[in-house]
Amino acid sequence: MRAVVFPRAILAFGLLAATLCADEPVSFTRDVIPVLTKAGCNAGACHGSFQGRGRFRLSLLGFDPKTDYETIALHGRGRRVLPGSPANSLILRKATGAMPHGGGLRLTTDSPGYRILHDYIAQGLAPPPANGPHIARLEISPGEAVLQAAQAVPLKVVAHWSDGKAQDATAWSLYDSLDPGVVEVSPDGVVTAAAPGKTAVSVRYLGQVASLGVSIPFGPAQPFEFAPANYIDELLAAEWRRMGLAPAPLASDGDFVRRASLDLVGTLPTAEEARAFIASSDPNKRVSLIDQLLKRPEYADYWSLKWGD
Numbered sequence: 016m017r018a019v020v021f022p023r024a025i026l027a028f029g030l031l032a033a034t035l036c037a038d039e040p041v042s043f044t045r046d047v048i049p050v051l052t053k054a055g056c057n058a059g060a061c062h063g064s065f066q067g068r069g070r071f072r073l074s075l076l077g078f079d080p081k082t083d084y085e086t087i088a089l090h091g092r093g094r095r096v097l098p099g100s101p102a103n104s105l106i107l108r109k110a111t112g113a114m115p116h117g118g119g120l121r122l123t124t125d126s127p128g129y130r131i132l133h134d135y136i137a138q139g140l141a142p143p144p145a146n147g148p149h150i151a152r153l154e155i156s157p158g159e160a161v162l163q164a165a166q167a168v169p170l171k172v173v174a175h176w177s178d179g180k181a182q183d184a185t186a187w188s189l190y191d192s193l194d195p196g197v198v199e200v201s202p203d204g205v206v207t208a209a210a211p212g213k214t215a216v217s218v219r220y221l222g223q224v225a226s227l228g229v230s231i232p233f234g235p236a237q238p239f240e241f242a243p244a245n246y247i248d249e250l251l252a253a254e255w256r257r258m259g260l261a262p263a264p265l266a267s268d269g270d271f272v273r274r275a276s277l278d279l280v281g282t283l284p285t286a287e288e289a290r291a292f293i294a295s296s297d298p299n300k301r302v303s304l305i306d307q308l309l310k311r312p313e314y315a316d317y318w319s320l321k322w323g324d
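Those letters in the sequence shown? Residues 16 to 324, per our numbering, in order.
These aren't lab readings, by the way, just hints derived from the structure by calculation. One thing to keep in mind: the hints can contain errors.
Straight-line distance between alpha carbons at most 35 Å, and here's what the computed DSBU-like set of lysine-lysine pairs gives [claimed, not checked]:
#1 180 - 53
#2 321 - 180
#3 310 - 213
#4 81 - 213
#5 213 - 321
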C-alpha cells in the first residue's frame, strides 16, 4: 500500500517524528516560506506565477502561507512530502536535482535551507496558525553606509514580529542594488562599493521592504566657500563635504532666470522677462523670481503633468 495516497495519515505519522527533534519546531511561516523565497521557488518566473509550474503553484513570494501549506502538504495526494522519509520527499528531491526539475538546482543537501525543509517535514508538517504573528518591521544595520572604493560591508537584517520575537533574517532576505554601477550587493547581503556616487540597497523579507542608503565619496572633503541661504543649503553643503565635492560657481543672472523658469513652469522666460530680471538691482530678485513662478498657473499644470506620468 502506498502511504502517499493518504495525506492526513502521513501527517499523523509525522507527529511521531517530531518527538525525535529536540530543537525548536520549524515554523512554516517564519522558516519554510523564507527558504522557498530565497531559493526562487515562489518567484514569478517559477511556481509563484499565476499558472504555476508543473501543476505546482505557490503564492507569489509567499504572501499566502495558508494556501501554500495546503498545496505542499495536502494537495497532489500528499505526494510532495514524506514525513516518514523526509529525504525522499518530492519537494526536496526535485530542488536538489535528485529528480528532473525544470527549475534546475535550487538547494544542496548540505545547505541550511535543505535542513530547514527536511526538519519541518520530519517534525510532522505543522500548519501555520490561523491568527499567527506577523512581521512588524525590518531593521537593517548599518542603517547607512559610507564606503571607500572597493570596500565591502556585510548587512544584518532583523525581523521584528508582532509577538515580540526578533529573528535574524539576513540569510533569507532578498537584496537588490538600485544602481549596480555604484554599489553591488551579493545574495547573502554583502554590499561592495563599485564607483563613486549615491544609491540605495533594497531589502525584502516576507512582504516587508526596507532600504539602506549607500554613499561612495569622490575623494576627501574639499575646502570651499559657500554661504547657505536656508536650511536646504545647509544640507547640501554638508553632503558636498561628505561626498568630497565642491559646488559649482554661482550661476549668472541669465542662467538663473532660464533654469528657474524651465524647472518650475516648464518654459523659457520671455525676452522682456529675462531683460527685466538681469537689469534689476534688487538683492533679493532671485527669491522674488521663485515666488512669482510658484504663483503662476503654469507651475501647477507643468508639475501635474510631470507627476501624472
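Going through the hints against the structure:
Between residue 180 and residue 53, the direct Cα distance comes to roughly 21 Å. Compliance with the 35 Å bound is thereby established for this hinted pair. Taken as a hint, the residue 321 and residue 180 pair is broken in the structure, with Cα atoms around 44 Å apart against an allowance of 35 Å. Simply put, residue 310 and residue 213 have alpha-carbon atoms about 33 Å apart, close enough for the 35 Å limit, and the pair holds. Annotation: proposed proximity of residue 81 to residue 213 is violated, straight-line Cα distance about 40 Å (limit 35 Å).
Taking the CA atoms of residue 213 and residue 321, the gap is near 24 Å; set against the 35 Å cutoff, the hint holds.
Against the hints set out earlier in the document, violations occur for numbers 2 and 4.
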